[in-house]
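One letter stands for each residue in the lines below.
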Amino acid sequence: MAERAGKRLGGRWLGVAVVVALLALVEAGVRLGAVNAALVPPPTEVAVRIADIIATGAFVEPLAATLYLLFIAYIGASALAVGLGLLMGRFPAIYNLFEPLIELLRPLPKPALLPPLILFLGLGDLMKSVVVGLAVLFPVLINTIQGVRGVDPVLIDTARTFGYGRLAVLRKVILPAALPLIFAGLRVSLALGLILVVIAEMLAGTGGLGYLILDMQRTFRVQNMYAWLAILAVLGYGLNAGFLALEHRIIHWAAARPD
Amino acid sequence: MQPSPAQALPDPAYLKLSGVRKSFGPEGEGGTVALRDISLTVGEGEFLAVVGPSGCGKSTLLQIVAGLMAPSGGQVAVGDTAVTAPPDSMVYLFQQYTKSLFPWRTIVDNVAFAVEHRGGMTRAKARQYSRPFLDMVGLGDSAERYPWQLSGGMQQRVAIARALAAEPRILLMDEPFSSVDALTRLDLHNLILDLWTKRRFTVLLVTHDVDEAVFLADRVAVLSARPSVIARTFATDLPRPRDSIRTRETPRFLELRHTLLAMLLERPHDG
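So the sequences go chain by chain: B and A. Mapping the first sequence onto our numbering, position 220 (from 1) lands on 220, and the numbers just tick up by one. Numbering-wise, our numbering comes out as the position in the second sequence, counting from 1, plus 1000.
Hints were generated in silico from the structure; no laboratory data involved. Remember, it's a predicted structure, so these values are computed and weren't measured experimentally. Some clues are possibly wrong.
One side of the interface only, derived from the structure: several residues of chain B facing chain A at Cβ under 8 Å [as the list claims (entries may be wrong)]:
id, residue
1, Arg31
2, Thr44
3, Ala47
4, Asp152
5, Tyr164
6, Ala168
Think of the CB as a built atom: it goes at the ideal place given N, C-alpha and C, for glycine as much as any other residue.
Chain B extracted, bound-state conformation (with noise of 0.2 Å):
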């Protein structure tokens, strides 16, 4: 098992080495004049760039800014999904309901909703929030039905004769016992609520990081643009490594489970 773990750490190494090579001959081609310097400048000097950027503290608004909308849409959206899907799950009368609007809804690429929304609720954080919400949304709820659906009704029954009701089943039973497919819809939405944010923030163009991004791209500062772009990668990175963390603590049951 060690053996296995060691081989693991060093294909994550020669991952890393990749990546650092690709830089190395992106460096080396605008160098030799082999790729135009006004459009990619040599990731030396973003480096220099991204490290003003920490050092001046410049980092600080846009980034609580993104992340700030990230979080409220993204919570705010999480909650209500995983609420009305156990309903839905639990409930044939709720998910007849819904089901049609929401397979409506949910094909609908969401940033296609961005111009309405824009003129019913200008270009304000409600907008944005509204935006990311709306895709954040249909995966964890779809997810949360699906799991709530696949629980095995030996282990409803089972409450059941203990004595718990309708929801005390649904808080103690269902609900953790959907926990693993729910994760899998949070973890995909929180990747589908950054890249909506982001384009929240370039269509709205008061603030963040993908404000900043298309900012530094109409004002031709190229290098301030591919820096603020590695510090949203870092970003991406940091929340998914972050949720990963999160979902191995919560639910380390599914994972360590043989079947």
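Start from chain B and add chain A according to the hints.
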């Protein structure tokens, strides 16, 4: 509500099934009648086994008794009370222990599940209350492990401990020993008999294993093929305590086993 044994004799018809019928699908043509007319009484503290061929509706019968499923006709009563929902006095031990234990709960928390929703209980109190039941089934050392870390026999022990923790007056068992290996099964038989002797709850066991039914029960009821009725009921008349090896070698055991198997295999001339 319940008279204590010291004050009253055990009720000879404590659990009573009268004309229980169950059909699936439309009535009459096109539907399936699983149970035709089941009438059965189980005395307080009695161990009754129901044997029948596969697909004769044994599990359906038990689910109706447990209040998990409504009968199409007839009624189930405990004492004077008709069963319409799972009663507090009954606990159901499922065949599929891997599906009835909660994989996100440790062993002790699985047992605590039986009582933690009751008034005045906290999670901590329920855990503390549960520990002696784990000791009873010999799993005191595994309290903080998870079900999927245990063998099949140990998992069924957890399910037994959880069932006992609810202090049931009636224990319903749906082929609870059929998915463990043969030696573990004998082990669990002894455990159940031991606990039943000490705590004297009423047992209704359904099984397709004639050997198991005769070894454990006071009486064995034979269910006919679908649509099922009770074909006959036998008193086992085997002395207790029973022994895994010796009881099975007594003439009475062999005779009963012979008769029951002949009935189930439909070989009347062998009977």
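task = Check each numbered hint from earlier against the structure, then list the numbers of those it violates in ascending order.
result = 1, 2 and 3
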